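> Going down the list, the protein sequences come from chains A and B.
For the first sequence, my numbering gives the first residue as 1, with consecutive numbering after it.
For the second sequence, my numbering gives the first residue as 1, with consecutive numbering after it.
Derived by calculation from the structure, the hints in this document are not laboratory data.
Only a predicted model underlies this, so the values are computations on that prediction, with no experimental measurement involved.
Each pair may be met inside one copy or between any two copies, as identical chains are not told apart.
Each computed SDA-like pair below joins lysine to any residue, with the alpha-carbon atoms no more than 20 Å apart:
1) Lys96 to Val213
2) Lys233 to Leu40
3) Lys276 to Leu232
4) Lys233 to Val42
5) Lys276 to Pro223
6) Lys277 to Phe225
Below, each chain spelled out in residue letters.
There are 2 protein chains.
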Amino acid sequence: MMLLDQPLTLLASGGGAESLAGVLFALLVIYTASKLGGELAVRVNLPAVLGELVLGVLVGVSGLGLIRGDGAFIEILAELGVIILLFEIGLESDLKELLRVGPQAALVAVTGVVAPFALGTGGLMFIFGVGVIPAVFAGAALTATSIGITARVLADVQRLNSTEGQIIIGAAVMDDILGIIILAVVSGLASRGEVQPFQVGGIVVAAVGFLVVAIAVGRWAAPYFMRVVNALKTRGDLLIASLLFALGLAYIATVIGSEAILGAFAAGLVLAETDKKETLEERLRPVADVFVPVFFVLVGAKTNLGVLNPFNPQDREGLIVACFLILAAVVGKVVTGLVVFGPPVNRWAIGVGMVPRGEVGLIFAGVGSASGVLPPSLDAALIVMVIVTTFMAPPLLRLVFR
Amino acid sequence: MMLLDQPLTLLASGGGAESLAGVLFALLVIYTASKLGGELAVRVNLPAVLGELVLGVLVGVSGLGLIRGDGAFIEILAELGVIILLFEIGLESDLKELLRVGPQAALVAVTGVVAPFALGTGGLMFIFGVGVIPAVFAGAALTATSIGITARVLADVQRLNSTEGQIIIGAAVMDDILGIIILAVVSGLASRGEVQPFQVGGIVVAAVGFLVVAIAVGRWAAPYFMRVVNALKTRGDLLIASLLFALGLAYIATVIGSEAILGAFAAGLVLAETDKKETLEERLRPVADVFVPVFFVLVGAKTNLGVLNPFNPQDREGLIVACFLILAAVVGKVVTGLVVFGPPVNRWAIGVGMVPRGEVGLIFAGVGSASGVLPPSLDAALIVMVIVTTFMAPPLLRLVFR
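Bound-form chain A, shown alone (with noise of 0.2 Å):
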């Protein structure tokens, strides 16, 4: 518990005083950017994550320099805020319409893991020299398709339902799942600082085991935990005791070395499956307002975009390694449209339609910055990489649409 050596007093005078200050301008600028910046993006038909970054980015170290995530209490909330956009994922995620969707999405989804995965960390290490170590994480950091935007993207071209829509989001909803496995899997890695085969599969099989065994024993505990629920007479009683459910997991992930999202995924993935569902989602949807834009917006604002400065000629290899790196991520998706069998559909689509990286991607770019396992530049590289790629979907999707 006693993180740190400096006492903190409570709402009262001389350092404590200011450290609340502190935390409440920070507050104010991470809340500020965050809706200006969503607001703005969303009046160009973008999504609204992309503009918190690009505000984030904005009021950063590469811009006003007015957060510089620095302060510990931002970082831990920024922390909490993963966490609890993960439970939110999970909570929205259907086990079953995924199981439905079946073996076209599955293979989409294998696919568009693999290649980006294969072509990033391989172009990386042979072509750049990258290490073994970043490049597996820069890699991994291009295998996760955004659900939330690729969704909002096919709602906004009104093609959610249609067949293409129906594998895409299948295959978004896969590769999230098997992009957290793979962030558990690459952060090991990264703590322990080198690459053993041995450790390699001892770390998958934990993360797997982890989330099979927390959702196979959650969804047997489920309903014990419903008639708790239900018995609750106070404020907060479905919300605190899901919020406990979710902490809980992500606390024993932690402790058995896993990560701490991958429990909070695995909560929301089991209570989906209660009838306490929808309830679950309103009371949780104002909680996530609240803690996740904290987290968008320390991402944008630790990015150094200082290192990708194309005037200076020590940057341009930082330069060309994110435009491969956004090569990579379009192109490692792009192919996914060609391993579709079955009755004809928009393979072209399909492909596009898998293009969007978001929060999955900026997950990757800030736990490796933060490890300090990625260098700035492909720190920067990586982030370059989400808002391209999030910026292109709109556009190139209503063109191989029509």
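Model the placement of chain B on the given structure of chain A, informed by the hints.
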């Protein structure tokens, strides 16, 4: 912004992962204590907050030692909890209703602030030889009746809408405002470490002036603010915009040397007069459910009841002080019934109805102990005072209403 020397990594290995795990563990303990305590309390017809406080004592330094209140993150989270609590209390208040219940309630409120303050501070200084600053702080902690607890108890005995009930609620709202102003004043004094008439005047003027200006400017700005909110299109529009308003006023309050909670309370009072009041209350509730229990559990957890051990001769004076504070708290409020004028009412009921202390009393104890103004025995005595006055109110009120 940079509060702490030790850098924390995001979701990553080593110290960072440990800190996230530590925060997750603390949150698990806090929410479990809060739910368990709240649920047990309401089952024996006591307010939930009392159960949270008692369970907080149980898991804290006086009990299991699971939470010691020494984690910087949890401390600041608790501070944000009080800010959100006061924003919510402000939002649930009604300026116009306050003006309507009028002079009787105002007289009860002022008497109910002056009498326990004079009794408590005077007694501590002249009977027990306590220094002027801690005596003023402890006396001030006796002033605020708990709106939440009082309303709840009146509803339980079905007298909320009686004349007595209306006077009690009106007076409770007013003395909450007085209490928060007094808190701003005494913690300003505490941070300066001495009492000088000129300074007292300055702090009172700053606190009252801030509240008046914030409400006046806020009422003027509210229509423009609502026009902006209505134009927003992204998730969390009303909630985050309103939170920005509250955090902004809280920040300004800290910057001008007053209390953050005063700003949050003013923001709540202003937004309570808009047509979005109900929607905002509904959206804010889950957020308050997440933040506020951290404060109440932490106040309990940090209280060292061990300093009031009746079997330790050294602690006997602390115990006597606690008994004196309870007496001053009860007598100081019961006498308020005597000042009621106009048509005959149940004077005993009004006096007894003002007895329960709650949130604001706990805020005094929290601020006082964190700032080092209150010695542990006086801090523990205040917590005991809050617990005892709240425990005794329901049966006493049933008795006098008979």
